Structures are given as structure tokens and as C-alpha cells.
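In case you want the letters, here they are:
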Amino acid sequence: MNKFTEDDLKKELETKEYEYGFYTDIEADKFPIGLNEEVVIAISKKKNEPDWMTEWRLEAFRVWKEMEEPDWANVNYEKPKFQDISYYSAPIQKKQLDSLDQVDPELLKTFEKLGISIDEQKRLSNVAVDIVIDSVSVATTFKKTLNEKGILFMPISDAIQEHPELVKKYLGTIVPTSDNFYAALNSAVFSDGSFCYIPKGVTCPMELSTYFRINEGGTGQFERTLVIADEGSFVSYLEGCTAPARDENQLHAAVVELIALDDAEIKYSTVQNWYPGDAEGKGGVYNFVTKRGLCEKNAKISWTQVETGSAVTWKYPSCVLKGDNSVGEFYSIAVTNNYQQADTGTKMIHLGKNTKSTIISKGISAGHSQNSYRGLVHVGARAKNARNFSQCDSLLMGNLCGAHTFPYIEAKNKTAQIEHEATTSKIGEDQLFYCNQRGINTEKAIALIVNGFGKEVLNKLPMEFAVEAQKLLEISLEGSVG
Amino acid sequence: MLEVKNLHASINDKEILRGINLSIKPGEVHAIMGPNGSGKSTLSAVIAGKDEYEVTKGSVILNGEDLADLAPEDRAHKGIFLSFQYPVEIPGVTVTNFIKTAINETRKAKGLEDLPAKDMLKLIREKADLLEIDRKFLSRSLNQGFSGGEKKRNEIFQMAMLEPKLAILDETDSGLDIDALKIVANGVNKLKSKDNAVIVITHYQRLLDYIVPDFVHVLHNGKIVKSGGKELAFELEEKGYDWLK
Ligand SMILES: Nc1ncnc2c1ncn2[C@@H]1O[C@H](COP(=O)(O)OP(=O)(O)O)[C@@H](O)[C@H]1O
Ligand SMILES: [Mg+2]
Chain A
1 MNKFTEDDLK KELETKEYEY GFYTDIEADK FPIGLNEEVV IAISKKKNEP
51 DWMTEWRLEA FRVWKEMEEP DWANVNYEKP KFQDISYYSA PIQKKQLDSL
101 DQVDPELLKT FEKLGISIDE QKRLSNVAVD IVIDSVSVAT TFKKTLNEKG
151 ILFMPISDAI QEHPELVKKY LGTIVPTSDN FYAALNSAVF SDGSFCYIPK
201 GVTCPMELST YFRINEGGTG QFERTLVIAD EGSFVSYLEG CTAPARDENQ
251 LHAAVVELIA LDDAEIKYST VQNWYPGDAE GKGGVYNFVT KRGLCEKNAK
301 ISWTQVETGS AVTWKYPSCV LKGDNSVGEF YSIAVTNNYQ QADTGTKMIH
351 LGKNTKSTII SKGISAGHSQ NSYRGLVHVG ARAKNARNFS QCDSLLMGNL
401 CGAHTFPYIE AKNKTAQIEH EATTSKIGED QLFYCNQRGI NTEKAIALIV
451 NGFGKEVLNK LPMEFAVEAQ KLLEISLEGS VG
Chain B
1001 MLEVKNLHAS INDKEILRGI NLSIKPGEVH AIMGPNGSGK STLSAVIAGK
1051 DEYEVTKGSV ILNGEDLADL APEDRAHKGI FLSFQYPVEI PGVTVTNFIK
1101 TAINETRKAK GLEDLPAKDM LKLIREKADL LEIDRKFLSR SLNQGFSGGE
1151 KKRNEIFQMA MLEPKLAILD ETDSGLDIDA LKIVANGVNK LKSKDNAVIV
1201 ITHYQRLLDY IVPDFVHVLH NGKIVKSGGK ELAFELEEKG YDWLK
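Taken in order, these protein sequences are the chains called A and B.
In this text, residue positions in the first sequence follow this note's numbering: the first is 1, and each later residue adds one.
In this text, residue positions in the second sequence follow this note's numbering: the first is 1001, and each later residue adds one.
Any given hint could turn out to be false.
Distance condition first, Cα-Cα at most 25 angstroms in a straight line; then the derived PhoX-like pairs of lysine-lysine [to be verified]:
1. A:K471 <-> B:K1100
2. A:K460 <-> B:K1100
3. B:K1078 <-> A:K460
4. B:K1182 <-> B:K1136
5. A:K412 <-> A:K444
6. A:K65 <-> A:K149
7. A:K297 <-> B:K1110
8. B:K1110 <-> A:K414
9. A:K455 <-> B:K1100
10. B:K1165 <-> B:K1108
11. A:K79 <-> A:K65
12. B:K1136 <-> A:K460
13. A:K45 <-> A:K169
14. B:K1108 <-> A:K444
15. B:K1165 <-> A:K471
16. A:K444 <-> B:K1182
17. A:K460 <-> A:K297
18. B:K1110 <-> A:K444
19. A:K471 <-> B:K1182
20. A:K444 <-> A:K356
21. A:K455 <-> B:K1192
22. B:K1078 <-> A:K455
The set of hints was computed from the structure by calculation and includes no laboratory data.
For clarity, every value in this text was computed on a predicted model and none was experimentally measured.
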């Protein structure tokens, strides 16, 4: 029979190259490798930053120097050599651009390959895109519509120049420079990222979206994102990432800080498919991200993420539920294949009364990959009537991969109600045969089953993003049954 | 339409089918009866192309084409449908989404465009009505938490949607109460035409009162040990299988 055998499928998967494995030739302005105070100062200078910012970076650098890289996560990798990385890389073309015609054609081609041509994005729907390519934003669209509502959405480097009072007030308040090794590093050297401020009572009329890409080989990427939703406002923020295939490991250590003031709501969605390395586990992005949000009274923050990429992922989008009646949500699909390793999850810190959190984590592992969920639910002494519901489901393909769940619970208030459910399942031959018998081939069947498995999370994504996420799930799992 | 010739099949080196011969013409209904473990489900799985079974001898020919090299989905595209004895669950995939995918994949294989959503919806409604299926049922996850009867009715709903050339109903009657049995049988009969054929696998005469077979075969130990007309089913009902062994 010419039907795929397990071995055929495995082989096909191994030879399946990274769909977005291309590399654009854009001249880059790149710092020599290495990190010291001079480099930190140079980055700050390059961006024309005020002194307080330079000082802030230096302080972070000093803290970082004293820190050790953490090793408690369930991942194994060769530690990056932090002195072998160049800490700044910007496309040569630095002029502020008013229209797409001014963008480097090479760059536009890159976007087309990614299927995210800005042109399309513009027309597609009311998505404003702030594209961060190799550290410097080269295109910002839809600025006008946002301006009319008083919404600020810009590269963080611009915000430092134009709205220093806001940046100064909030930067580093949710993720302090000393929070962890990667956050400290990011604080010292971040090159760019996005800044967003929604004024009181304003509902942002469109999804705000940033595409991060890693382009230049051997450069570290340290994006910094700051989203502030003032009282009673609402914003839905999309973050998408794709990186071209590279041989050497690339370090990515982003920091995202969200602030939801009283009665505000932030929905933060991520679709991440950075280069996961090849079939032997060579290359791929190291993704060490610190994402955290603070909820004031009656505020709500939802993190939704679909993670299919990176060689090593270390990421725990968290919510600090400080205000009474605030709500934190975490919806996650993490896919690992080949030799990918992911240690991801969330922290829900209940401090206020009647705070509520929901955690839905769906891990899908194939190949030789390791997929761990690590979640902390903390209920503080004053958090009366805090409630949490956690559900962690794992789907395994084949016998060589692993799924792990590490739920931590700290309840310091007796009224807390904490529920945890976990399941592990496997895509079975019988499920596949059933689909095949109905005329659905194995690849399509896997996509169907996986999408069904992740449905609760996919449903949380904005429409256009959900479609893209489903496509990514299919790409990253094609032929991966065993 | 279907010729099964001296079919031998085994799983894990254990021979289960030991020389089956069967000839089915368009418009016919064949019943296959036989004790548990005689190989009925194995025969249907082998016809449908399940990979785990190894065909060691003989062949299955559909409309003149040997199916040996065809994957299960290709066989499905050629009009083979199997109503499973034990339908599997697919969490998170609704009945509607599943059948929509099945229909469109089958159309794609024939070089056709996806069925427009409007037409799909109309077709789903029509077939759901035929089988007296509640609309709410259609948005539930496939077979998850379904009762035995709901699972079987859903199988026949899919059959109605896909309009196969050859339908194999593997113990579709088990788990159905008499009312549901009548609805399902009525559905099957409505779909019958002079161009398609049905294989009904059952233990009981009961179903054959509603889906009347042209031929009845008794399977035992991987072989067809007796064939006859519909009266054979009555005889089996009375005497059991022992006299045939
Ligand atoms: N996966 C398997 N491995 C080993 N033996 C099997 C397997 N599947 C079925 N069999 C055996 O094949 C024989 C026929 O099974 P089956 O076709 O299900 O019978 P029926 O449908 O007539 O009850 C039984 O003896 C059963 O135990
Ligand atoms: Mg059986």
C-alpha cells in the first residue's frame, strides 16, 4: 500500500524545511560584538535618548552583571555567550517613512514571503501595523485614525522622545530591571519595541498589531513593549513574529509590560513561529521572554498565545491581580516538534479581593520535543474569595516526545477556590483511520484534530489571527504523526 | 461493483480472513452475519483500506479497479463508506465541521471547488431532517459524549451527506432502540438506488426486517461458510450459528 507508514511520516517531517526559512539581504548597521557600559551608552546615544534613560539602562546593566542565568526550567541548551553577540542592528535606511513606496523593495519582498504584505494588511481589515524589523521600526500605519482618539501607538524609542512622562512613570514598574536575568539584560540593551497608550474611557477602534522579526544573523533581539490602558479603556493588541532560518542560535529576550488601570481591559495575543532549528535540533531561536500585566480595580488582562517556533522557549505571561474584582486570563497553545523545547505557562498573582483567573494551556508535542507547562497560582493573604480555574491538556504524537506539567499553588487565604484539571492524550491510529475513511488525508486529519484540541484557545484570537494561527499549526505539524 | 476474491488478511502475523469471496452488483443489499470474532469488522476495515491489516493473498476490486495500492482516503473518494462499529471521538471538532471537511476533501479529490457554505448548510439541514437529527447535535464535538444510538445515527448522517457507491454498515443496529432503528433504516432505504450497494453487518434479523437483503452470508472463522437469500437470516435467528460450524 502506498499509504504513509509511520516511518515515511517521520522522514517527511524531518525533511520538512522551515517554511519561512529565507534571509533578506539588507545592509545592516551593526555594532561590534560584546557588552559593557560603553556599549550600553552607545545604544542610548544612537537613539538620542535623554540622560535619565541612559542612567536607567546602565543601572539595569549593573544589576545584570551580578546575576546568573537561571537554570530551573525544564530545558537544555548551550548557554548563549553574551559577549559574542552584537547588541544593536538597524537597517541602514533610517529615514522616517510616510508610505510603502519608500520601503526597501527587498523588505517588501520579505513581507510577501511571510504572507503579511503591509498592503494587504492595510486593506484586509482595520489592523494598524507597526513593523519592527531588526530593532528599528520602518513603517507605522493607521497613525491618523488613532491620533483622533488620542491613542498613542508608536515605537518605544519615539515614545521616549515624545512622551517621556508616560514612559518614565510606567517603564520597569511591572517588570523591574532586577526581575530576572533576561529582563535585566533587556532593560540594559533594548533597541526598540512598541509603546501604546489608550486614554481614559476610549475603546481602541482597531486591533493594534506589531510584527517582530529577527533578521540579521548573530544579533540578539531585545524588544521592549509597554501598553498602558487608562481607566475604563479597551485595547486588543496583536504580536506576531517570524524569523528567517539561520544556523547559529539567536537570542531573543523581550520584555512586555501591560498596565490596565481601573475598569480597563487589555487583550494581548501572540502568534510566534520563530525558527525552531532544523530536524537535528541545530540552530533556532532562544526565546526568553518576560511578559507581565498589572490589573487595577475591575480591570482585566487576557494573554492568548499560539507558540509554534523557537528552539528553546522560556516564557510565562503573567497577571498581577492587584485591584479588587480584577480578572486575569491565560490561553495558550504551545507546539513543539523535532528537538524543540518549551517551558511555558503563567503566573496568576491574586492580591485583591474577588479576583478571578482562568488558565487554559494546550501543549502539543511531536518528534523528540519536550513541552512543559509551568504555572503558579498565588493567592495573597488579603485576596478574599479569589478563584482560579486551570486546565492543562497535552496531546502527544509518537513515543519520543515528552509532555510535563508543573502546577504550583500558594494559597494564603482560606477562602480561595482553586481548581486544576489536566489530561494527556495521543492522536490515535483509529482517529486517523476514521478521518481517512471519510476522505480526509492524514495531514489534513492531524490539522483537524489539533485544531479541535486547541479550539478553546483559537477561539480567543481575533479572527484574522486565528486563521493564521491555524495555518501555522498545520505547517509546524505536517506529517508529524508516529 | 465490488469483487472480493480469495481475500486473506492478517494482523500482527495472525491470519484473520482466510479466503473470502464476495460479488456485489449495483442495487444489491448483502447482509453479513456471524458470531463475534468471526472477522466481520476485519473484512470491512480491509475493504476500507486500514493500514494495520496486511493482505497476504487475494484482492478487492471496485468497479474493475484493484484497490491494493489505494490509501483509505482514495478509496473513500471512490465511493466506499464505512459506518464504524465503534466510531471514534474527535474532541473540539464539531459534527458540522467534520462533515464539511470530509465533503470538501472528497470534492477536491475530484477536482471540484469547495461546496459553497450556503449549499453545504442546505444539504446538512436536509440530511439532518431525514435522520431526525436535532440541529443542536450538529454543533457538538464529534462522537464525544454521544450515546451509542447517537453515534450510529451520526454515522448514517455522514453516509447520507457523502452519498457513497458502496456503504458498509458494521453493526449499525447495535445500540439503537426500535424507533431509532426505524429512522436509520428508513434513511438507508431512502439513499438506496440501482446504482449503489450496501453491505449490512449484523447479528440480528431485526434490522433486516427494515433493510431487506438480497443475499445473506454467514462468516465464520474468516470464511464465508454459507450464503443464501433473506430466508437464511430467519433460519439463523432460529437455529443460531452452531449448525454451520
Ligand atoms: N488488532 C488486532 N490484533 C490482534 N487480533 C485482532 C485485532 N483486531 C481483531 N483481532 C482479532 O480478529 C478476529 C476478528 O475480529 P473482528 O473482525 O473484530 O470480528 P467481528 O467483527 O466479526 O466480531 C478476532 O479474533 C479478534 O480478536
Ligand atoms: Mg465487529
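Hint-by-hint comparison with the structure:
no. : hint                : verdict
1   : A:K471 <-> B:K1100  : 18 angstroms, holds
2   : A:K460 <-> B:K1100  : 23 angstroms, holds
3   : B:K1078 <-> A:K460  : 38 angstroms, violated
4   : B:K1182 <-> B:K1136 : 22 angstroms, holds
5   : A:K412 <-> A:K444   : 47 angstroms, violated
6   : A:K65 <-> A:K149    : 42 angstroms, violated
7   : A:K297 <-> B:K1110  : 58 angstroms, violated
8   : B:K1110 <-> A:K414  : 63 angstroms, violated
9   : A:K455 <-> B:K1100  : 17 angstroms, holds
10  : B:K1165 <-> B:K1108 : 18 angstroms, holds
11  : A:K79 <-> A:K65     : 16 angstroms, holds
12  : B:K1136 <-> A:K460  : 22 angstroms, holds
13  : A:K45 <-> A:K169    : 21 angstroms, holds
14  : B:K1108 <-> A:K444  : 12 angstroms, holds
15  : B:K1165 <-> A:K471  : 33 angstroms, violated
16  : A:K444 <-> B:K1182  : 35 angstroms, violated
17  : A:K460 <-> A:K297   : 23 angstroms, holds
18  : B:K1110 <-> A:K444  : 17 angstroms, holds
19  : A:K471 <-> B:K1182  : 43 angstroms, violated
20  : A:K444 <-> A:K356   : 37 angstroms, violated
21  : A:K455 <-> B:K1192  : 37 angstroms, violated
22  : B:K1078 <-> A:K455  : 31 angstroms, violated
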